[in-house]
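Protein chains in written order, with this note's numbering: chain L, 36 to 543; chain C, 6 to 337; chain G, 4 to 336.
By construction, these hints were calculated from the structure, which means they are not laboratory data. Hints are supplied without guarantee of correctness; some may be wrong.
[Stated by the list, open to error] According to the in silico footprint, chain L covers these stretches of chain G (three or more CB under 8 Å from chain L):
| # | segment |
| --- | --- |
| 1 | 192-201 |
| 2 | 309-317 |
[As the list claims (entries may be wrong)] Computed cross-link-like contacts, DSBU-like style, restricted to lysine-lysine with a CA-CA straight-line distance of at most 30 Å:
| # | chain 1 | residue 1 | chain 2 | residue 2 |
| --- | --- | --- | --- | --- |
| 3 | C | K223 | L | K409 |
| 4 | L | K435 | C | K327 |
| 5 | L | K98 | L | K290 |
The C-beta atom is built at its ideal place from N, Cα and C for all residues, glycine as well.
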Amino acid sequence: MGHGSMHQSASAARTDQPLLSLRNINMTFGGVKALKNVTFEVRPGEVHCLAGENGSGKSTLIKVITGVYRPAEGAIIEYDGDVYPHMSPVTAQERGIQVIWQDLALFPEMSVAENIAFHEVLGRPRLVDYSRMRQIAIEALSRLGITLDVDLPLKEYAIAQRQIVAIARALVGEAKVVFMDEPTASLTQSETDYLLEIVRGLSASGVAVVFVSHRLAEVLEISSRITVLRDGALVGVYPADGMTQSKITELMTGKTFDQHVRARAKDDQPVVLDVRGLGSPGQFEDVSLTVRRGETVGITGLLGAGRSELALALFGMLKPTSGTFSIDGREARFASNRDAIKAGVAYLSEDRLSLGLIQPQSIADNLVIASLHKILSGGLLSDDRKRSLVARWIADLGVKIGHQADAISTLSGGNQQRVAIAKWLATDPKLLILDSPTVGVDVGARAGIFDIVAKLAESGLAIILISDEVPEVYFNADRVLHMAQGRIVGIYDPHQTRLEEIEAAVYA
Amino acid sequence: MTAVFERIKATLGPEMAGPGLAFVAVFVVFGFASPQFLSSATFGSVAFQLPELGLLTLAMLLPILTGGLNLAITFTANLAGLTLAWVLKANGGVDAGFGIFLVGSLLAVMVGAASGVVMGLVIAFTRAHPILVSLSMMIFLRGLGEFLTRGGDISGFPSFVGVIGHGSVAGIPVPLIVFIVCVLAWHLLLGRTKLGFNTYMIGSNLEATRYSGINTRKEIVLVYTLSGIMCAIAGIIMLARFNSVRVGHGESYLLITVLACFLGGVNPFGGFGRVIPVFVALVVLQLLSSGLNLIGANQHLATAVWGILLVGVMILRWVASKIKFSIVRRGS
Amino acid sequence: MHSLIRTHATEISLLGVIVVISAVLSFATANFFSLGNAFDLLNISSVNIIFAVGLLVVLIAGGIDISFAVAASVVQYGTAIALGWIGGGGWLSGFVIAASLGVLLGCVNALLIHRFRIISIVATIATFNIYFGLLMFFTRGVSIYDLPDWLTDRVILFEREMPDGTWIEITLPVLVMIICVVATWTLITRTTIGRQLFAFGDNPEGARRFGINIGAMQFIAFGWLGLMAGIGGLVQAHYAQEVVPNALYGRELDVLAAVVLGGARLGGGKGTVLGCVLGVLLISITQNGLNLMGVSPFAFKMIIGAIILIAITLSNTRLERLLPFAGWKGTRR
Numbered sequence: 036m037g038h039g040s041m042h043q044s045a046s047a048a049r050t051d052q053p054l055l056s057l058r059n060i061n062m063t064f065g066g067v068k069a070l071k072n073v074t075f076e077v078r079p080g081e082v083h084c085l086a087g088e089n090g091s092g093k094s095t096l097i098k099v100i101t102g103v104y105r106p107a108e109g110a111i112i113e114y115d116g117d118v119y120p121h122m123s124p125v126t127a128q129e130r131g132i133q134v135i136w137q138d139l140a141l142f143p144e145m146s147v148a149e150n151i152a153f154h155e156v157l158g159r160p161r162l163v164d165y166s167r168m169r170q171i172a173i174e175a176l177s178r179l180g181i182t183l184d185v186d187l188p189l190k191e192y193a194i195a196q197r198q199i200v201a202i203a204r205a206l207v208g209e210a211k212v213v214f215m216d217e218p219t220a221s222l223t224q225s226e227t228d229y230l231l232e233i234v235r236g237l238s239a240s241g242v243a244v245v246f247v248s249h250r251l252a253e254v255l256e257i258s259s260r261i262t263v264l265r266d267g268a269l270v271g272v273y274p275a276d277g278m279t280q281s282k283i284t285e286l287m288t289g290k291t292f293d294q295h296v297r298a299r300a301k302d303d304q305p306v307v308l309d310v311r312g313l314g315s316p317g318q319f320e321d322v323s324l325t326v327r328r329g330e331t332v333g334i335t336g337l338l339g340a341g342r343s344e345l346a347l348a349l350f351g352m353l354k355p356t357s358g359t360f361s362i363d364g365r366e367a368r369f370a371s372n373r374d375a376i377k378a379g380v381a382y383l384s385e386d387r388l389s390l391g392l393i394q395p396q397s398i399a400d401n402l403v404i405a406s407l408h409k410i411l412s413g414g415l416l417s418d419d420r421k422r423s424l425v426a427r428w429i430a431d432l433g434v435k436i437g438h439q440a441d442a443i444s445t446l447s448g449g450n451q452q453r454v455a456i457a458k459w460l461a462t463d464p465k466l467l468i469l470d471s472p473t474v475g476v477d478v479g480a481r482a483g484i485f486d487i488v489a490k491l492a493e494s495g496l497a498i499i500l501i502s503d504e505v506p507e508v509y510f511n512a513d514r515v516l517h518m519a520q521g522r523i524v525g526i527y528d529p530h531q532t533r534l535e536e537i538e539a540a541v542y543a
Numbered sequence: 006m007t008a009v010f011e012r013i014k015a016t017l018g019p020e021m022a023g024p025g026l027a028f029v030a031v032f033v034v035f036g037f038a039s040p041q042f043l044s045s046a047t048f049g050s051v052a053f054q055l056p057e058l059g060l061l062t063l064a065m066l067l068p069i070l071t072g073g074l075n076l077a078i079t080f081t082a083n084l085a086g087l088t089l090a091w092v093l094k095a096n097g098g099v100d101a102g103f104g105i106f107l108v109g110s111l112l113a114v115m116v117g118a119a120s121g122v123v124m125g126l127v128i129a130f131t132r133a134h135p136i137l138v139s140l141s142m143m144i145f146l147r148g149l150g151e152f153l154t155r156g157g158d159i160s161g162f163p164s165f166v167g168v169i170g171h172g173s174v175a176g177i178p179v180p181l182i183v184f185i186v187c188v189l190a191w192h193l194l195l196g197r198t199k200l201g202f203n204t205y206m207i208g209s210n211l212e213a214t215r216y217s218g219i220n221t222r223k224e225i226v227l228v229y230t231l232s233g234i235m236c237a238i239a240g241i242i243m244l245a246r247f248n249s250v251r252v253g254h255g256e257s258y259l260l261i262t263v264l265a266c267f268l269g270g271v272n273p274f275g276g277f278g279r280v281i282p283v284f285v286a287l288v289v290l291q292l293l294s295s296g297l298n299l300i301g302a303n304q305h306l307a308t309a310v311w312g313i314l315l316v317g318v319m320i321l322r323w324v325a326s327k328i329k330f331s332i333v334r335r336g337s
Numbered sequence: 004m005h006s007l008i009r010t011h012a013t014e015i016s017l018l019g020v021i022v023v024i025s026a027v028l029s030f031a032t033a034n035f036f037s038l039g040n041a042f043d044l045l046n047i048s049s050v051n052i053i054f055a056v057g058l059l060v061v062l063i064a065g066g067i068d069i070s071f072a073v074a075a076s077v078v079q080y081g082t083a084i085a086l087g088w089i090g091g092g093g094w095l096s097g098f099v100i101a102a103s104l105g106v107l108l109g110c111v112n113a114l115l116i117h118r119f120r121i122i123s124i125v126a127t128i129a130t131f132n133i134y135f136g137l138l139m140f141f142t143r144g145v146s147i148y149d150l151p152d153w154l155t156d157r158v159i160l161f162e163r164e165m166p167d168g169t170w171i172e173i174t175l176p177v178l179v180m181i182i183c184v185v186a187t188w189t190l191i192t193r194t195t196i197g198r199q200l201f202a203f204g205d206n207p208e209g210a211r212r213f214g215i216n217i218g219a220m221q222f223i224a225f226g227w228l229g230l231m232a233g234i235g236g237l238v239q240a241h242y243a244q245e246v247v248p249n250a251l252y253g254r255e256l257d258v259l260a261a262v263v264l265g266g267a268r269l270g271g272g273k274g275t276v277l278g279c280v281l282g283v284l285l286i287s288i289t290q291n292g293l294n295l296m297g298v299s300p301f302a303f304k305m306i307i308g309a310i311i312l313i314a315i316t317l318s319n320t321r322l323e324r325l326l327p328f329a330g331w332k333g334t335r336r
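All chains, full assembly: derive it from the sequences and hints.
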């Protein structure tokens, strides 16, 4: 498919004939097939989405295309009129295939100019031509309609500008196709909008963009076609028109999700958390809310709306300057998160990799770290107590592990998150704050996390569920609060409101 | 057989392989090379030399486990020794009583602790790199010590001090007893106390540890304080062994202690490492230098061989990781 | 102008501190503020500056080296012996031999680090012990005083008596130092290799994805430090007019402190030649001034330790925030 025949007109060939076409792509790592006979194609100037769960083969495919990996014999990579059995990083760059990695691969201590025109320092040793590099950088930025001080070190700029620098760098080498791996993961909504605008501009100027994102709303908004991978194999290629988020999810996981609203009124229950007019300048203002025993309160809103800051204030890691809050009727004045934990507040960080869990250390140690006093015996830590405490929680939350002594990093995202939840449950909290608990968790494993949340609520725990994915809070919380610019701007009852209404309010 | 091996491996940890292998190798090589090697004289000299280096290594171990380093250990030990020496000199010199010695030792420990507290506070509160903080502390303490002593020796202590340095109880040298007690204390501290647990966690990820409700600043200050106290104990033992104190004494041990930690499988970035493998690594180092002495080499050659041993063990670890990787690849 | 202040905050702060200290010292002592003394300072600091710019390159590339000072001692000894074999030699053969020996010893470190994936601090602590142990073993700790005349004779390239009666002298060590400083500055700021070194130290994984040759980076960085150690070693032998095997023992940590004081970062990607030179000079100036003030040499080591400790503490509590003119942060979102 996709081969233009001889008598097609030139303009038709330009739109239908693929710029990049891969067939027979097989890739094996240590006996595991990472890619199974995958086919993939990109047309000139289109915005194409590559969708799939973690481990479905998206990154492997990108690395094959950019020459980082060499596929098995028999692969055919057709690009802009040439056929290759495999790519090399140098050829890929020279031919205009550019990648913006999720971690951006930038150099924070070096100047913006050097970051953008970095290819100028590669190759054969010679003197550096700084004025040429500045020129290239300024031109690349102006193509995006941006002005930055190109002499400043990159670290002086925020993540959104760094993203732009990475894009500018990709455009320097006459890019024909740009791969973007989760480009919006750490951007706020207005920054994301800005990025999507740039993507549209690239597409209009004839540069194809392959977009990898877990934010399905964004994917549907920007792309024209969607290629779905599952377990290293191609599921299919679909036009974005007529697609829905749930349809993509089904294709990605191969399962149908029967989601229903779990909300139940808990008005008869005693109040656990009572927040009155809490504020911290520049982060959140005048926030009032209550969470009752057994109640799950969802907080949604865009990144940067002040959700995590509010959570950190309740957890004693950020000092509010106005307002008060109380736990079980006792006013809370936390000097640190240790006071918060003592008072029964637990906070599951949104950043599991660097703040939530200590990745190199063992499953057992990660689970007991917040409740060491429970495994003391005669003033010393007891291995037996640790082992039985860990075994109990592992069984309770259905975590799949090999040995307790294995590093936590060997577990999947979903299982890691279960251990992180167990770590906090072991502190006997009254209030559990879950900040984006499904980040980096496969779509298929998310339901399991929410089943746990529901069970915890049933057992009487007060829960705050924070997520920027509206459906998550809609289906799993008893009430949904909408935060924007540091304030609570809407309160919804999922039984009274349709999901689309809340989504419209949040993404507006 | 493999089951037994697995059990041993599980109790001792993967860090044990390097020093364990080196231990066996040293015995085999010197057992053949020199008939006197397997004699009580060898073990006597090891038993007396081990404690100084060993105590300083224990002082180095804790900061390394938190992902730091304490380059001030030798001069902290010197200053603690000086403190004790002055207390003894000011209270009768050779006629000073044992009570004075105890008071002096207590003051020495406090001086060691003070050096640790200052470094710990600076590291915990400014997040300055521990190498730099302890390096400048080292330069400061060296200057302070030389200023106070004018580069000279202080000697003339009561005779029982010599007994502490050279005497034996039930055939075991007193310094060795002190060292073994300290090894066991550190083993207990790291394996069975909250501070020990938190030391490893901080070494792997300080922020995540803080988010888990651990007072990381307090723990870091404690770690460096304990390191300083261990230096003071080393300083007291050194005073007793040489019957004198001189600033700069034991200076050459500084980088050897780091070497011993790495040889004992401690992760240079922190978070992993145990006391017992480090202890075995120390014994290997001392056996090596005793063995080389027997076949006519001096301490300097031993130092070079120590360096070669570290390189050898690191290369073996690299080879082992390569083999493991290829087995995993073939196996699955 | 603002961006100059922001990107060179360390150098400007150091310069400020040096000016303040010099002003205080010139009031406190009669002899400090003279050109003669200034050139004396340069003569004294030459060897340390040569070592420091070499170490800077390794720090920028994200490594650390403990072994360079004892490597310099090995080079001194080896060069002295080799010169004996070739019957005396001269400056040219001396520099060629010292430089090659130095590069060789530096490359041993690079080999261990790159080929066997040993972390630089572990590898260089091992080679530190190997180099020093073997040197002391083979030399039995004996110094060499019987050096060729050309090596021990003072070479004064320029001298003039100033109106105040002091002499200004530019000696060979200063010239060599200036060449090393300029060469290092050219390497790290003007050549593509230098920028690759920065990039590698800043983000090794990013550098790898751009196809930068990681092995080459390690060999260039440690080879350069080896080169500087070799040259510095020879100059030190010239300056001291003798070769003492343990003369440079312990110098590595003093130089490391000075380089880091000059703004280089442990962990890579950051550091300037100017900052590095100022770091060394700050320490020498303080030492020199205290000396002229008649402070006991034992005391000023202590004072210098305290100064470094305070400087490091302050620089980590964001020194530029304490300076009014550098507090400007611009558009940082």
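Results for each hint:
With a cut-off of 8 Å between beta carbons, the segment 192-201 of chain G has 9 residues touching chain L; three or more are needed, and the interface restraint holds. Closer than 8 Å: that is the beta-carbon criterion, and the segment 309-317 of chain G has 0 residues meeting it against chain L, so the requirement of 3 is violated. A distance of roughly 21 Å separates the Cα atoms of K223 (chain C) and K409 (chain L); the hinted pair therefore holds under the 30 Å criterion. Pair hint K435 (chain L) plus K327 (chain C) holds up; C-alpha atoms about 28 Å apart against a cutoff of 30 Å.
For a cut-off of 30 Å, the pair hint linking K98 (chain L) to K290 (chain L) stands: about 28 Å separates their Cα positions.
This entry does not satisfy hint 2, going by the numbered hints stated previously; all others are met.
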